[in-house]
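Residue numbers (the working numbering), protein chains in the order written: chain A, -12 to 245; chain B, 2 to 222.
Be aware that one or more of the hints could be misleading.
Which stretches of chain A does chain B cover? Using the computed rule of at least three CB atoms under 8 angstroms from a CB of chain B, they are [to be verified]:
no.: 1; segment: 41 to 48
no.: 2; segment: 86 to 100
no.: 3; segment: 140 to 146
Rather than coming from a laboratory, the hints here were simulated on the basis of the structure.
Just so you know, even glycine gets a beta-carbon here, dropped at the ideal spot from N, CA and C.
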Amino acid sequence: MIDRATDPLVSVSGLQKAYGALQVLQGIDLTMKPGERLVVIGPSGGGKSTLLRVMMGLENINGGSITFAGKPYIHAGAKPAKTAIDFQVRRSIGMVFQHYTLFPHLNVLQNLILAPCKVRGEKKSAATERANALLTRFGLGQKATAFPSQLSGGQKQRVAIARALMLDPKLMLFDEVTSALDPELVGEVEQVILQLARQDMPMMIVTHDMWFAKNIASRVLFCAGGVIVEDGPPEQVLGAPKEERTKDFIDRVFHIRQ
Amino acid sequence: MALDFSVLLRFQDALLKGLLTTLELTLICIVLGCAIGFFVGLARTSDNRILRGVSGFYVEFFRGTPVLIQLFWIFFCLPLLLGTELSNFTSAVIALTLYMGAITSETFRASLRSIGREQYDACVALGLPRWTQTTSVVLPQAVLRAIPTLLSNCISLFKESALVSAVGMADLMFVGSNISNNTARPVEVLTVVALIYFVIAFPLTRAVTFIEQRILTKLAV
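When you get a sec, could you build the whole thing from the sequences and use the hints?
And the structure:
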């Protein structure tokens, strides 16, 4: 339990991750307080998505450790395959991916209740009730019996968010969740995430959408070359970056957007 | 000499009986073969090297040798090894089941491999235990994806089953050959036998196309 708002929710120390000879994360140190909405921006290949995947326990690491809500969560072993992950702690974290990753053979409702029923042993009726409430809240009340293939990209991504929320996560990770969407569908997904932000859900978001970053972030990290180059409030990192590399990136991104 | 199909009218019952034998044999071998194929497919994707090796040898052996030789080998050699006689029906069931098992295991293996990494990532992110991952996410999708190819395998087996006539089993092909020899009307008889095979196989091949489209649409995410 986090007793005080100042105690870190996440504490990352010396995190290293390599794919073969390619060093993707080169000693990341990071603390995140409860209620923070951390947006990670940066060039492709800079390690943003890898950082989130490591946070979710999807990747082994080469060095460093992560604690979550004061508990040891991930710790590097003698070799990457020996990475120690506390699965109980991992269940406190939810993640939504770029490519929806809904289970195509299950309908929307079944997608939502699978984990609560199988992981937490929740009764099907109780899980269904919660799922229907979430779907209604996200404007998907009519889609409970639809299959993922019958939904638009934006609807699929909202279902994916609802599915993650069914497990009452203490931290949500969003990995470029609007990158695969048609431009006109981006807004509906971002609105759902903004809705969660208003409820003080702690989140880490990797995005290329600077408008969204500016609107949702309580803090922005600029990540490049496997290190955190700049870390600060959105007005600073997006508006008046101190580091030259951040400035270059922001100039280029905003130039493209204009 | 003019073609005369009327000669076949006298042999309706024999042809029907032969067809029923063919269908019975095919169905038994489909059920047993798919069961073997499913587990062999799992074994071939297993982390255990011995399981992978043994299952791989079985599949390559039965895929790489003619079914007719497998059939002869089981009919003539297996009784010598077992020290007991096998009926031609039993021999045919064993041979075609093992053949079907090898073919369908490849279908299952391919469909298991077609499940993308992101599905496994989603399972991890939802904290699904390994058993639930396998039984609720991976296998249902793999089986769904396998269905069209499995149906094609079944149609192939239905046609391949004609080979059992070579070990004297009274299937449709065997009955057809007998009638053909007795009436000296091979063209008419074999044409009708071919038509019977076609009438059963054709709707099934159409069904495969239809089902394939449905499944692909459903699994497209």
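A quick look at each hint next to the structure:
| no. | hint | verdict |
| --- | --- | --- |
| 1 | 41 to 48 | holds (count 3) |
| 2 | 86 to 100 | holds (count 7) |
| 3 | 140 to 146 | violated (count 1) |
Hint check: a violation occurs at hint 3 only; the rest are consistent with the structure.
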